[in-house]
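Taken in order, these protein sequences are the chains called A, B, C and D.
Under the UniProt record's numbering, the residues of the first sequence are numbered 1 to 261, in order.
Under the UniProt record's numbering, the residues of the second sequence are numbered 1 to 261, in order.
Under the UniProt record's numbering, the residues of the third sequence are numbered 1 to 261, in order.
Under the UniProt record's numbering, the residues of the fourth sequence are numbered 1 to 261, in order.
Just so you know, the hints here were simulated from the structure itself, not pulled from any lab data.
Incorrect hints may have been included.
Stated by the list, open to error - Just so you have them, the derived chain D footprint on chain C, three or more residues with Cβ under 8 angstroms:
hint, region
1, 72 to 82
2, 100 to 112
3, 209 to 215
4, 220 to 231
5, 247 to 253
None of the values given here were measured: they were computed from a predicted structure.
Quick reminder that beta carbons are idealized off the backbone N, C-alpha and C, glycines included.
Number of protein chains: 4
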Amino acid sequence: MSADAKILFIGDVVGGLGRRTLLRLLPGLVERHRPTFVVVNGENAAGGLGITPKIADELFAAGVDVITLGNHAYHRREILPYLDREQRILRPANYLRSQPGRGTTTVERDGLRLGVVNLSGNVFLQAGRALFPEADAAVNDLRRTTDHILVDVHAEATSEKVGLGWHLDGRVTAVVGTHTHVPTADARVLPGGTAYITDVGMTGPRGGVIGVRKEQAIEAMRTQMPIRFETSDDDPWLMGVLVSCDGPMHATGIEQILLPG
Amino acid sequence: MSADAKILFIGDVVGGLGRRTLLRLLPGLVERHRPTFVVVNGENAAGGLGITPKIADELFAAGVDVITLGNHAYHRREILPYLDREQRILRPANYLRSQPGRGTTTVERDGLRLGVVNLSGNVFLQAGRALFPEADAAVNDLRRTTDHILVDVHAEATSEKVGLGWHLDGRVTAVVGTHTHVPTADARVLPGGTAYITDVGMTGPRGGVIGVRKEQAIEAMRTQMPIRFETSDDDPWLMGVLVSCDGPMHATGIEQILLPG
Amino acid sequence: MSADAKILFIGDVVGGLGRRTLLRLLPGLVERHRPTFVVVNGENAAGGLGITPKIADELFAAGVDVITLGNHAYHRREILPYLDREQRILRPANYLRSQPGRGTTTVERDGLRLGVVNLSGNVFLQAGRALFPEADAAVNDLRRTTDHILVDVHAEATSEKVGLGWHLDGRVTAVVGTHTHVPTADARVLPGGTAYITDVGMTGPRGGVIGVRKEQAIEAMRTQMPIRFETSDDDPWLMGVLVSCDGPMHATGIEQILLPG
Amino acid sequence: MSADAKILFIGDVVGGLGRRTLLRLLPGLVERHRPTFVVVNGENAAGGLGITPKIADELFAAGVDVITLGNHAYHRREILPYLDREQRILRPANYLRSQPGRGTTTVERDGLRLGVVNLSGNVFLQAGRALFPEADAAVNDLRRTTDHILVDVHAEATSEKVGLGWHLDGRVTAVVGTHTHVPTADARVLPGGTAYITDVGMTGPRGGVIGVRKEQAIEAMRTQMPIRFETSDDDPWLMGVLVSCDGPMHATGIEQILLPG
Ligand SMILES: [Fe+2]
Ligand SMILES: [Fe+2]
Ligand SMILES: [Fe+2]
Ligand SMILES: [Fe+2]
Ligand SMILES: [Fe+2]
Ligand SMILES: [Fe+2]
Ligand SMILES: [Fe+2]
Ligand SMILES: [Fe+2]
Chain A
1 MSADAKILFI GDVVGGLGRR TLLRLLPGLV ERHRPTFVVV NGENAAGGLG ITPKIADELF
61 AAGVDVITLG NHAYHRREIL PYLDREQRIL RPANYLRSQP GRGTTTVERD GLRLGVVNLS
121 GNVFLQAGRA LFPEADAAVN DLRRTTDHIL VDVHAEATSE KVGLGWHLDG RVTAVVGTHT
181 HVPTADARVL PGGTAYITDV GMTGPRGGVI GVRKEQAIEA MRTQMPIRFE TSDDDPWLMG
241 VLVSCDGPMH ATGIEQILLP G
Chain B
1 MSADAKILFI GDVVGGLGRR TLLRLLPGLV ERHRPTFVVV NGENAAGGLG ITPKIADELF
61 AAGVDVITLG NHAYHRREIL PYLDREQRIL RPANYLRSQP GRGTTTVERD GLRLGVVNLS
121 GNVFLQAGRA LFPEADAAVN DLRRTTDHIL VDVHAEATSE KVGLGWHLDG RVTAVVGTHT
181 HVPTADARVL PGGTAYITDV GMTGPRGGVI GVRKEQAIEA MRTQMPIRFE TSDDDPWLMG
241 VLVSCDGPMH ATGIEQILLP G
Chain C
1 MSADAKILFI GDVVGGLGRR TLLRLLPGLV ERHRPTFVVV NGENAAGGLG ITPKIADELF
61 AAGVDVITLG NHAYHRREIL PYLDREQRIL RPANYLRSQP GRGTTTVERD GLRLGVVNLS
121 GNVFLQAGRA LFPEADAAVN DLRRTTDHIL VDVHAEATSE KVGLGWHLDG RVTAVVGTHT
181 HVPTADARVL PGGTAYITDV GMTGPRGGVI GVRKEQAIEA MRTQMPIRFE TSDDDPWLMG
241 VLVSCDGPMH ATGIEQILLP G
Chain D
1 MSADAKILFI GDVVGGLGRR TLLRLLPGLV ERHRPTFVVV NGENAAGGLG ITPKIADELF
61 AAGVDVITLG NHAYHRREIL PYLDREQRIL RPANYLRSQP GRGTTTVERD GLRLGVVNLS
121 GNVFLQAGRA LFPEADAAVN DLRRTTDHIL VDVHAEATSE KVGLGWHLDG RVTAVVGTHT
181 HVPTADARVL PGGTAYITDV GMTGPRGGVI GVRKEQAIEA MRTQMPIRFE TSDDDPWLMG
241 VLVSCDGPMH ATGIEQILLP G
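Model the full assembly from the supplied sequences, consistent with the hints where possible.
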């Protein structure tokens, strides 16, 4: 059987504007690209910080197969039991085992099984366990039962993301970075067949400062005073990548998607 | 008189491979684009860390008008007196006044004056003074005597770079980010006429981990043990942007340049 | 005229319990030691974070001559105008000039003038300007008009505090550290005549974790989950030092005060 | 059988001066206090950074039962195989399992078994695993086979150390902090019977800046320029604590030792 597949991955959905942008643009993307799987990072979906059960349900209802998260995973208390019971939403796999939720999942469509791994960087971010060993453990585990693996590495330092891409090259279908909210221009298939991008960017207000109203973000940095942040509603974009695959754990292309909302 | 100009900015030159790549590709870029000014970030030019007088001279001889630096500015001791006497090489303007070198300079060509400002982020990086106030001070100063201003903001956090772009929009010709060694896909002219990109990327071995041999970088992150790093010599690229300007402090376009070496 | 003086300095007052402990014990300390000046760090006086005008007034009314602050200086919005108008309350002198308040002050009693300087570390803490140059500037300024100078260096890293003590030895009467909320056992007069201690400790609940209810602090560290913190009310102590001086900018002793409340 | 014991713990030995100070003063301390066990933190024993097999052997020969380490554990490459084969030297137990060495050990004397645990903080320091869960695991393990347990928590943040003390109170004999090189004034037996101190301090040159020549440390902080550091040889002190125990996992006293060399 063929492992031909297309995986659409969409970067950090920020606030109500990000959600509306995603919901408005996703049907067209699905119609045009016919992705086998849709994976979305939703760590900023609830007002810029965290996610709620209602929002997660809304994303699943819109055709999202898996939601990944990051450092804001636990910001909203009401998501905690949901993370434990809903298999399709992930928090970083290298968080403590005792923390709510799981870090890997598998979804199936058209006879194909996609494993998804969510990971957190260790540099400038708190994660209870080490990125590289836990990445290896998760990937080794999923490789036995899946046709494709997508890794969302949520990290600040480019060194961790670029390094993980090389480290997993040939063993997973795609390594995509999130967290900085700025898309990078380095999407490509690495020599071993793993699609890679350092950061997918965000789905939300490009007219702000990585999601925050720009006047508030600038005021905070200019004055070094505590400023209350609100989510910007200026100039929404959807940012993602479309990974094309031709065989198990093997990508043939990664196309960057940067769509004004 | 017209302020039409083209400014070619090239990201962090890494090691001997980066220098050779730059020297090999620059003549063709100059012939094709006829830039009025060429500015290069050279903070990793000497074996990956810092720069020497000999290397700086070599870059100037090749047609570089201004060299900017960053957190590795002072890695090589022999550059310190050079930074004080050579007007065309900059370290971040928001370092302490007492530190060697200067943070702004002006160069002139074809009757046009370009001010260049080098700045450092304050988040995850040490800089003796604050980014935003010193950016304002440097820009206000240079605006009185120049036709165009290019700001190289050397920073880790995307929030600082995106925020500074918005903050200076309309007051300078271009704000270009450096330091992460990964090019971003957000180059554009902001509404006020300032060309902006979060990170230009590096000029050096794309086959490493932001410049380092990938086996060594991966080993360090995988094992958390101290590993000696060497500069990779795998798959050189030149990364930069070409900013087109039509009037004082006003850009009309920013074109990303990603060239295999 | 003699510059004989005693300066009582009291470490970070934490929450209502810390304030009550200070107000209850201060009269006895004053009666016993007859300090010429009383200086108190109040950065945690309001519920553990920041200070309000009402609390500051209460401390002044109780005989406190100068209040110093630290990284929580601006936590309570209502203190901002107060910081600008009240000369006897300080925020770190190496914050941005544009930030509310001032970093040095002078108070007079019995014909003696005490200059007080509040400073912030740069390591692991955000301060807009550099510790050492601003310490020099503040001290050089105050030395012309005062008999004694007390420096409260609010910092995390012991290297910055120990280094500043040595750097100012012989030029100020006392360098006392704050911020870690744990008193150190290194109080002494340095060879040049400057009284020094790395950290004075806090005035508040020793039964918590540097002020926080211990169950909550432990839960946060054990689970790495977001936990709401409350101020502990267990086992109050007053922690401070009494500096004895015999001449201008010259200490003869520093006595550690650790008093159960 | 009685579990009466005395445990002498000595803080970070810094450089040749620290070693000579330890070797000169230890016999007198042993004669005076008759400790059942002597444990020494040696992470700075070799020129200020790390330790060598020769130095470790020298410490064992002088009567040290167990050596603990910290963030500089692996600075000297020649210690790596030694850490794997020598049971009496520890690196933090919450480092990666794959890293050289072990994090716990047991030594026996006079029919008493002492378990020693070395741990690293997670705040401002890199440790591959989480402090609190690994502390629990190590302690639970050792409690089954030992009479006493001493925990050396090598950490920067006071919150982690104070919190761990409370967390382990009643389950181990002593929790002693290291790393800041400044002794704290909070040594006491907690209500559950665990001896506690936030930092024991260092054994080395009190006349420097936490071990470094003070002129160099000050120059680095004052100028923000890269400065080569050497170990100070000024004013050696031995710093430690003596823990008295009367029954299994139960301390009756902790006496601070601060001895000029
Ligand atoms: Fe995000
Ligand atoms: Fe994030
Ligand atoms: Fe660089
Ligand atoms: Fe850099
Ligand atoms: Fe405090
Ligand atoms: Fe503080
Ligand atoms: Fe140490
Ligand atoms: Fe250490």
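Hint by hint, here is what the structure shows:
1. 72 to 82: violated (count 0)
2. 100 to 112: Coverage by chain D is violated for the region 100 to 112 of chain C (0 residues, Cβ < 8 angstroms).
3. 209 to 215: holds (count 4)
4. 220 to 231: holds (count 3)
5. 247 to 253: This one is violated; 0 residues, fewer than the three required, reach chain D with a Cβ under 8 angstroms.
The structure does not agree with the numbered hints 1, 2 and 5 stated previously, though it agrees with the rest.
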